[in-house]
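**Student:** Turn these sequences into a full structure, and let the hints steer you where they fit.
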Amino acid sequence: MSEQSVSAALVSIIGAPAAGKTTLARFLAEALPARLIMEDYAGNPFLAESYQGNAAANLPGQLFFLMSRVGQLFVSDWPGEGVCVSDYGFCQDRVFARQRLNAADFGLYERVARRVGGLVHEPDIVIHLNASVAMLTERIARRGRAFESAMDAKFLQAMTAAYRQTVAALACPIIEIDCDKTDMLSQSARADLMTRIRRLLAKQ
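Numbering-wise, the sequence shown is residues 1 to 204 according to the working numbering.
Hints are not guaranteed to be accurate.
As the list claims (entries may be wrong) - Pair ranges (Cβ atoms, derived):
id	residue 1	residue 2	range
1	A141	R199	35 to 45 Å
2	A169	L119	16 to 26 Å
3	F74	I174	19 to 29 Å
I should point out that these hints are in silico values taken from the structure, not numbers from a laboratory.
We put the beta carbon where it would ideally sit given N, CA and C, even for glycine.
**Tutor:** Printed below as a string of structure tokens:
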């Protein structure tokens, strides 16, 4: 039996900005129940400057997220039982880095990421929230986060495509959700998702 199999299961939710990751993670944490792990975007001191066009803030901003995620998912501190739900996947860090960093900075980022990637608990289930650019744009405008105002349609399209490629390479079970066709605020959609998650967890 592997170390992973006797540890708490990790359900990671991934998708482009405004796909609905945090809302769904909060619901699952209460319904399963599970420990909630949330991305620390509010604590990133470089984030606003990065998205406002200060290229010098891109690399430190990305490294902040990388090390924050390593700290949250650190395998040596991982609980021995239960379920954890994260409103991000560690795999998404590279997706953002590829979009946000120039070639030289991305090369440095990759060197660091390869060193620390083996320190994190891998997901047992990944939920991929796939939403159209139109839906993402509308949601970003509605929630009004200043640092997201620079996320135009081109950026969101690139992110959506990159997530699809990332998901295709994952080895763990994937639950795909088309957010344009499925209202994840509805009781029926959430009940169906809970059933699928519990079936997969039972196989762990």
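**Student:** With reference to the structure, classify each hint as holding or not holding.
**Tutor:** Outcome of the hint check:
Against the hinted window of 35 to 45 Å, the Cβ-Cβ separation of A141 and R199 comes to about 37 Å, which satisfies the hint. With their beta carbons about 20 Å apart, A169 and L119 fall inside the hinted range of 16 to 26 Å. Distance hint check for F74 and I174: the Cβ-Cβ separation is about 24 Å, which falls inside the suggested range of 19 to 29 Å.
In summary, the structure agrees with every hint in the numbered list given earlier.
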